[in-house]
Amino acid sequence: MAFTLPKESYSGKVLSLTFGKDDKAVTIGGEDTLPFLSFEGSIPNRPAIAYEIQDSPIDDWPETLKAVYKDVSDDPVKWARYCQDELKAQAIALRLVSTHPDRENRSADDAAKTVSEVLSAVETPLIILGSNHVEKDSEVLVKVSEAASGHNCVIGKAQEGNYKTIVAAALAHNHKLIAMSELDINLAKQLNILITQMGFDKSRLITDPMCSALGYGLEYTYSVMERIRLAALMQNDATMQPPILGDVGMYVWKTKETMAEESDVPEWGAIEERGIAWESITATSMIMAGANLLIMRHPKAVEVVKKIIDELI
Amino acid sequence: MALSGIEIFKLLPKTNCKKCGFPTCLAFAMALAQGKTEIGKCPDISEEAKSKLSEASAPPIRTFSLGKGEKAVKVGGETVMFRHDKKFFNPTVLGVNIKDDLNDEELVKRAKEVVDSEIERVGQKLRVEAISIEYASNNPERFESAVKAVAESAPDAILILNCGDPSVLERAVKLVADRRPLLYSATDANAEALANIAKANNVPLAVSAEGPEALSALTEKIKALGVEDLVLDPRPKNAGEMIQHNTIIRRAALKKGFKPLGYPIINLVTREDSLLEANIAAISIAKYASIVVLSSIEKWKNLALFTLRQNIYTDPQVPMQVEQKIYKIGEPTPESPLLITTNFSLTYFIVAGEVENSKVPSWLAVMDCEGLSVLTAWAAGKFVASKIANFIKESGVENQIKHRELIIPGQVAILSGALEDKLEGWKVIVGPREANGIPTFLRNRAA
Ligand code: B12
Ligand code: SF4
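Heads up: the protein sequence lines correspond to chains A and B, in order.
Just so we're on the same page, my numbering is the position in the first sequence counted from 1, plus 3.
Just so we're on the same page, my numbering is the position in the second sequence counted from 1, plus 195.
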């Protein structure tokens with residue numbers, strides 16, 4: 004029997020998206036094949052990785068991770084500079100956790116001030132994230148969009164319950180936007196449709212189908228991402244063509260596997276390697292499923308995922 | 196490729212003798228096409244027709260066992276490219292490669308690591324199943340004694356004899372033939388000799404060549420020599436090639452019915468950096484490998500890879516669940532605390548584990564929520580006050596305990612008022628949000 008290469012032909016293409024400015028700008032997406040199948044399509048851009056930083060001293064990260072940032076995590080500006088200068092971050096994701104009503108409940112104006120300070124301290128492209136509180140984010144993200152005007156940032160996350168004000172702000176100040184839904188391809192599609200109906204171009208959207216950590220629902224995220232990619236490429240479904248985000252770090256570093264001391268669970272092995280493996284393998288799985296942008300925390304996990312991407316592309 | 200009912204009918208005796216239990220040959224053919232009966236039910240079918248039919252009805256990717264006895268593991272038999280289309284069936288076998296030029300003590304130590312690799316997660320026992328012994332010493336006696344030492348130290352492990360030299364391999368395989376080791380690997384240079392060894396000892400054979408096309412030529416040649424339990428190594432140079440090769444092989448088998456590539460895949464993922472290796476192995480597990488061979492198996496690495504394998508191979512239609520009932524943790528008395536959670540396996544095992552860690556004997560009520568986690572079940576209207584109240588009343592727990600206090604997960608604190616209304620005479624106590632807060636919480640209450 005003669006071998007013939009079983010090639011798939013794809014009618015659709017993932018949209019490409021650029022954020023940040025000048026020569027530091029990052030472009031993601033643009034591929035017209037399933038992840039890393041370069042024998043049947045082109046993959047013009049590598050998946051990008053953003054380092055996560057926060058606007059208030061870390062409280063709930065495990066010690067092994069906290070230690071990495073111990074000298075800088077008291078100040079988002081220092082922290083951002085550290086990511087840019089020492090870690091050579093390609094992008095930075097500033098999470099405004101302090102605005103959450105259950106945390107410090109800082110005001111939208113305070114958050115905007117933080118954003119301005121970070122933006123004037125670094126040139127690395129910035130992703131600006133709220134605290135994931137639906138109502139509060141709709142205030143905070145409006146103010147920070149304004150403060151970041153002209154910087155071509157990524158703003159997020161717009162959800163079903165708050166997208167209107169956030170979309171309007173991202174539109175007015177020319178930012179890119181993350182649309183997040185909850186682990187369901189139909190919800191993801193519907194939110195993208197609602198957002199584009201407001202006049203927000205789909206080529207400026209990033210889909211976040213919601214991440215989950217290895218061992219804690221990873222298989223759901225994995226399959227939802229695969230299905231989104233298949234819809235984009237095979238069915239040429241335009242609403243499913245924006246690049247995909249995997250917000251990895253925040254789901255990984257709260258699992259027991261990243262926190263439990265080896266003395267408590269000797270059969271789990273070394274805590275530091277375990278945490279780094281947990282984050283990197285979650286991230287690697289996400290890019291296998293179609294993610295174009297990752298938000299991560301541990302520099303060693305980022306480093307190994309970069310090496311993986313080097314091998315893949 | 197599957198045959199249609201009509202195509203099958205053409206191969207039958209057409210006597211309508213009814214011995215198969217069907218009224219006509221056509222009815223039998225139709226049932227056969229739908230997989231509702233077996234060819235063997237027709238006693239009069241010709242040998243030729245039978246072989247045509249079984250060839251055509253063979254699964255697109257061959258399934259067979261590695262190893263022998265209780266710990267034998269099935270490989271192959273996959274039917275889809277994407278897990279959401281149905282499910283992935285036979286989880287990737289994990290193995291470690293040990294070179295025969297280590298001293299005996301070190302060899303035994305490495306083999307014992309495999310024996311000790313078993314851990315339990317979400318109720319499943321997970322382990323590194325295979326050991327590959329690599330002929331690196333260039334000394335045939337050394338190889339034999341290494342094979343013996345490893346085989347004895349790890350009596351349940353699936354053995355992979357990693358040696359391309361037919362004369363050396365032939366002697367080594369005799370030592371462990373009853374364990375059905377996998378021979379690794381037949382190449383262009385030694386295919387015939389290795390095929391003969393595999394056939395003589397009735398053991399599976401790995402075939403390796405650069406890329407799917409070269410592989411397919413080689414498997415055809417080997418199959419013609421009478422060996423059918425084959426495993427494919429497309430020898431990728433890097434992770435990118437690995438995904439592409441594995442995808443092409445799986446696709447050719449499933450979508451084109453291309454038999455020369457219809458076998459399980461093996462990937463050797465050796466990298467100097469163990470963390471990098473773990474990530475390459477992750478790609479291999481997600482993208483179609485049936486066997487992954489690593490160069491080291493640290494505990495943290497095993498835990499991560501076992502977990503990923505479990506995630507990728509769960510049935511996407513049915514979350515893993517445990518039985519609804521009141522579980523005893525430790526030896527609870529009528530005064531011991533009562534906690535409630537859902538029957539999603541992951542949730543149950545995490546919570547039960549933490550209650551156990553607390554060393555406070557307890558009752559754990561596990562309610563059937565169709566295998567959903569606490570918040571998901573709550574959001575889906577399954578873990579709500581009225582249903583919880585019914586469950587508690589019907590469970591009979593009121594006869595087992597004297598107090599009337601129910602500890603609920605912190606994430607559904609919002610339920611406590613409504614639940615107290617529905618569960619007359621009960622007090623609802625809100626526990627911590629995360630299970631890792633349970634030990635302190637229970638100990639403080641006990642104090
Ligand atoms: C995977 C997942 C799903 C899977 C289901 C997986 C499953 N088998 O349950 C799918 C995709 C099917 C799904 C569906 C839905 N989901 Co969902 N899902 C998740 C996700 C990502 C993880 C859930 C999980 O597995 N957690 C792990 C388990 C172990 O957690 P747990 O059961 O809560 O247990 C922990 C604690 O509660 C505690 N605990 C447990 N029991 C007890 C008992 C006591 C006494 C104590 C003290 C503590 C305790 O210990 C555990 C470990 O700390 C979460 C988000 C997230 N990252 O958490 C959303 C999430 C739970 N889902 C959500 C929603 C809304 C839904 C849907 C309704 C909407 C949708 N997307 O379609 C549907 C409903 C499903 C249905 N059948 O109708 C929301 C719930 C929001 C809310 N606050 O109400 C969440 C929080 C996502 C979000 N941020 O919005 N989901
Ligand atoms: S037993 Fe065979 S020949 Fe007889 S009716 Fe059935 S299929 Fe036909």
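There may be inaccurate statements among the hints.
Listed next, with one range per pair, are the computed distances between beta-carbon atoms [what the hints assert, rightly or not]:
| no. | chain 1 | residue 1 | chain 2 | residue 2 | range |
| --- | --- | --- | --- | --- | --- |
| 1 | A | 74 | B | 263 | 34 to 44 Å |
| 2 | B | 642 | A | 316 | 56 to 66 Å |
| 3 | A | 74 | B | 629 | 47 to 57 Å |
| 4 | B | 526 | A | 167 | 50 to 60 Å |
| 5 | B | 409 | A | 313 | 47 to 57 Å |
| 6 | B | 235 | A | 257 | 17 to 27 Å |
| 7 | B | 628 | A | 186 | 14 to 24 Å |
| 8 | B | 512 | A | 206 | 31 to 41 Å |
Calculated directly from the structure, the hints in this document are not laboratory data.
Where is the CB? At the ideal position from N, CA and C, for every residue including glycine.
### Message
Tell me the hint numbers this structure goes against, listed in increasing order.
### Response
1, 3, 5 and 6
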